[in-house]
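Engineer: Taken in sequence, the protein lines are chains A and B.
Mapping the first sequence onto the working numbering, position 48 (from 1) lands on 48, and the numbers just tick up by one.
Numbers given in the working numbering equal positions in the second sequence, counted from 1, plus 112.
It is worth saying that the hints were derived from the structure and are not from the lab.
Do not rely on the hints blindly, as some may be mistaken.
[Stated by the list, open to error] Pulled a few chain A residues facing chain B out of the computed Cβ check, cut under 8 Å:
1) Leu-11
2) Arg-28
3) Ser-32
4) Ser-43
[What the hints assert, rightly or not] Simulated coverage check for chain A against chain B, where a stretch passes if three residues somewhere in it have a Cβ under 8 Å from a Cβ of chain B:
5) 79-87
6) 102-111
Bear in mind the structure is a predicted one, so any value in this text is a computation, not a measurement.
Ideal Cβ placement from N, Cα and C applies to all residues, glycine included.
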Amino acid sequence: QKEVEQNSGPLSVPEGAIASLNCTYSDRGSQSFFWYRQYSGKSPELIMFIYSNGDKEDGRFTAQLNKASQYVSLLIRDSQPSDSATYLCAVNLSGGYQKVTFGIGTKLQVIP
Amino acid sequence: SQTIHQWPATLVQPVGSPLSLECTVEGTSNPNLYWYRQAAGRGLQLLFYSVGIGQISSEVPQNLSASRPQDRQFILSSKKLLLSDSGFYLCAWSPGDGETQYFGPGTRLLVL
């Protein structure tokens, strides 16, 4: 079992819709969770992080964490074509001193 | 504010040649530094990380090495490149007491 799993996609959504990106992780003791966006040919950029169960909102982005079910998700409201990118989930697995493990990423395509 | 630089941006090297990639961080002190490789269609693979000058931890056995000669400088090297070393090399930093990582622009390496 991979430590951090994501569906590679592509996930296609129409412009204006909500995009839902999911990530599961194997280590129940994990404490820190991150979402990065990576445009084609570019480096990843941090979107948001979440540490506590529940929702965390930042503009059009909402991160959701459920530690009991070991999943973290990212919702993008009012999706725009400029949101088309690969979204990487990263988890600080317990015992990994200041290191994170990245998922393979989900490619999102927002269709105009 | 903090800035991370990587150079060169692109590199084409023959098999068996040496390699030196450089990463520098500005605007912070005592950062944790990381080297990742992202092969085409694959996730981010952590190669090395460093929590201080001269302190290097290797994550995977390979023909690469890393050094940290100064607090905000991280160098990735190889004596003889292999075809399998081709990829997108990313340097990242995090605060000394934090987990959130911020990436540099990356170096795209093609070994022929």
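Engineer: Evaluate each hint against the coordinates.
Structural biologist: Consistency of the hints with the structure:
The interface hint given for Leu-11 of chain A is violated, since its Cβ lies 16 Å from the closest Cβ of chain B, which is over the 8 Å cut-off. Hint status for Arg-28 of chain A: violated, given a least beta-carbon distance of 18 Å to chain B, over 8 Å. Hint on Ser-32 of chain A holds. Least Cβ distance to chain B is approximately 5 Å, under the 8 Å limit. Using the Cβ-Cβ criterion of 8 Å, the hint placing Ser-43 of chain A at the interface with chain B is satisfied: the shortest such distance is roughly 4 Å.
Residue count for the segment 79-87 of chain A with a Cβ under 8 Å from a Cβ of chain B: 0. That is fewer than the three needed, and the coverage hint is violated. Requiring three or more residues with a Cβ within less than 8 Å of a Cβ of chain B, the coverage given for the segment 102-111 of chain A holds, as 4 such residues are present.
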